[in-house]
Amino acid sequence: MLELDRVGFRYREDWVLREIGFSIERGDFLGILGPNGSGKTTLLRLIDGVLSPGEGRVLLHGRDMAGMKRRDIARVMAVVPQDQPLVFSFSVREIVLMGRSPHLGNLAFESARDLEIARTAMEETETASLAERNFNELSGGERQRVLIARALAQEPSLLLLDESTAFLDLRHQVAFMSLLRFLNREKGLTILAVTHDINLAALFCGKILLLKEGRIHALGPPKEVITETGIREVYRVRAAVDRHPGTGAPRVTVMPDMETSVPKER
Amino acid sequence: MRERPPVTGARILRITLLLAAICGAVFVVSLCLGPARISVFRGVRDLFFSGEPGLHPSGSPETAILFSIRFPRVLFAGLVGASLSLAGAAFQTLLRNPLADPYILGVSGGSAAGAIIAISLGLAALPFGVPLFAFLGAVLTVTLVFSIGKTDSNILLLAGVIVNAFFSAVILFFLAMSRSADLHSMTFWLMGDLGLASPREILLVSGTLAAGFGILYFHARALNLLATGEPTALHLGIAVERTKGLVFLAGSLVTAVAVAFSGIIGFVGLIIPHMIRMLFGADHRLLFPASALFGGAYLMAADTVARILVSSTELPVGVVTALCGAPYFIYLLRRKGGF
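Protein chains in written order, with our numbering: chain L, 223 to 488; chain X, 765 to 1103.
Just so you know, the hints here were simulated from the structure itself, not pulled from any lab data. Heads up, a few of these hints could be off.
Said to hold, decoys possible - Partial list, derived from the structure: chain X residues whose beta carbon lies under 10 Å from chain L:
| no. | residue |
| --- | --- |
| 1 | Arg860 |
| 2 | Asn988 |
| 3 | Ala991 |
| 4 | Leu998 |
We treat Cβ as the ideally placed atom computed from N, Cα and C, and that holds for glycine.
In isolation and in its complexed conformation, chain X is listed as follows:
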């Protein structure tokens, strides 16, 4: 029997295409589901045969809903899900802790606090004002949490919890001080709201996702070695500190931009990489693309559930992901034998 490496370009391509197909299917189904009933057939037909996508003044109301409301929303859900999953996979490896996730580590909270501060100070008008502050919040959190917990991964998770509590207080402070009438929408945003994205923001999130993915994928094999321990990575020729720095930066950037426009959506970065590892192994050359695609599909599906679960209103998608994610976290905790 000819020996083959566990991960080859062909295998990555095969699995990536499979997951991309799943992603595409979820995308189309999500487009068709919602409070206003648009049939799957009609949805697909409109998507492919109604000319250029976008608002059709002459088109039917269904088509208008499809292209001006659902299309950007579902696309955005996919991008945010991919971003959070990618960041989760990167953080888990760097910390050698399968329980790490942008939400649990407090990175999402830090980004949200940064974003809220920027909005409260009226910096939202500046170009990149909100995402920049979200990024600063993310980097601050990463630095803080990792310097507290660098010796012990359990302490690290506790540090994440504490930093999260602190940033929640910061967020609540600014919410309480805010005289703005749209307190409801702010609260909604904090629990994850995918309905706010403008085309410009969608573009920004795709851009950072692409850049973050590029940086992470370039270090994929180095991260395989880092996953087995830092001294080992060093012995096998990896410039450990530089690699860690770049991966932290990429993970924080991707998280921050996603959080700045979608709010706090927890546990996606925890569940998805874990499932992908169970299915396809821990090699990052496969883990990164597979997590991004599967995470995208997962959040599109979760957001669709959030839109249609309660008929009279929409739920924040963060509620759905937390309802699924928290039990999964406990399952992982118990599987690892607890603290």
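Same shape as in the complex, but just chain L:
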């Protein structure tokens, strides 16, 4: 479905990403992990096309994205951005209907079918009751769900998420990830999520891509990627990795080791 072919990107002379090559298949749920500055966000921007690769190609359904119209990309790929307040006030329904944009002509109005799709998207994300509310007046968790509803209204086959759980409380984090798992398993949506939360990713993602200094450090099922050695090498902290008591997924516990986690004063 999506293939990165030796992709690299640089700001001026410094390579931020190098030789990124992997592919995701229909139905995958991939989590992208890595420390600050490892290139996670840049990688996401290359996949969603906001940035163009300095070398290599990003292929969507076998086609080089560089030569594709934004409209055609938007019919396949939806992005749930980091939550930001809007300058102008739109209602939740207006925001969700914006997801229909790639399917509408310039001067067309939303049809009954578009409204139906938007309503279904709002029901799946439990935002239907918010339809008439002003987007800016919602809580962070509600806004994040509305942004997913908009992405679903696009009827994409690939969903990208950018740190979507970062500012959610525990309950909303779990609800959010459960929704993603539902969409992934029941609707066959392919998901690629950039996140900081290793444990949440281990619990919900089928595959993990671990980035270190702009290169792929490891790629595989959580059990193979999230290991004590892996965490130490990539994050430079000592961590214990055991099994989640409920699911058996790897669980990371950071060890407060003064020697390695805090740089010595000189």
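Add chain X to chain L, keeping to what the hints say.
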């Protein structure tokens, strides 16, 4: 309950017709008000029953004033108000800043500087000489201001202020150098003068207004997405750079032609789109036509006030719009929590 989208063709039509009716009413009332008293009844009767509009050599002096002086002036006020409001709405969205306006961004100043240079160099005789230079001034300003302030909208507004100051200096330089006796009329023009328009100029302003509106309306839904952020618009399938370029061009063109013949009339493009958003929401499919109509009505009314407020003389309409607009700007600033 059947669900309906917030904006439908029917809703746009309904609100547009309502505002068009208001516009028409303001137009008729403005025709009837002025230093020479012409009764509303007489005005309406003359307008509809006195045969073809235009100068009537045989007609009464009132009818002559009505058709050869007031009619073009009020019509022109409506067109300029619509142009400035439309440009304001477009700039606010592109910059995601409700405080943007052709005047505050310096686009009006740039256009005026271009127009003054053209007049001083004697290019006014050329066809489209003045509006062309005004357009070049507008495009130069837009490019300059947006390249300085593209990262931060507060810096952008400051850039507008600075560019405005620069163009004011340019304008004053050319005014000081000018040996022309009509310095008073030039100064008057700079503060907004709607009394100068010839039929040809009215036609030119309506033409650019129609073209600008067409371009903007064609991108109305894309602008809804752009209003929520450029990456989002891209993710939802908009060719962001091309859309921005066209909208900047349309906004600059509409501003430049209006300024070339009417001078600097501030704050119209700030107040009107803001009020329309508060009343009808931020969807551009409704915002554009509603702003144009309401802006037209507003400037016709403001110009009428300028004509009759001081009985012995006429005020430049820019004085009236600034007296109303500047406090409104401060109100918006404080509402947003300031800089």
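Taking 10 Å as the limit, does the beta-carbon of Arg860(X) come near enough to a beta-carbon in chain L?
This hint holds: Arg860(X) lies near chain L, its Cβ roughly 4 Å from the closest one there, short of 10 Å.
Taking the closest Cβ pair, is Asn988(X) under 10 Å from chain L?
With a minimum Cβ separation of about 6 Å from chain L (threshold 10 Å), the hint on Asn988(X) holds.
Cut-off 10 Å, beta-carbon criterion: hint that Leu998(X) touches chain L:
holds (6 Å)
Should the hint that Ala991(X) touches chain L count as held when the rule is a Cβ pair under 10 Å?
It holds, given that the least Cβ distance between Ala991(X) and chain L is near 5 Å, below 10 Å.
Hint compliance for this structure: no hint is broken.
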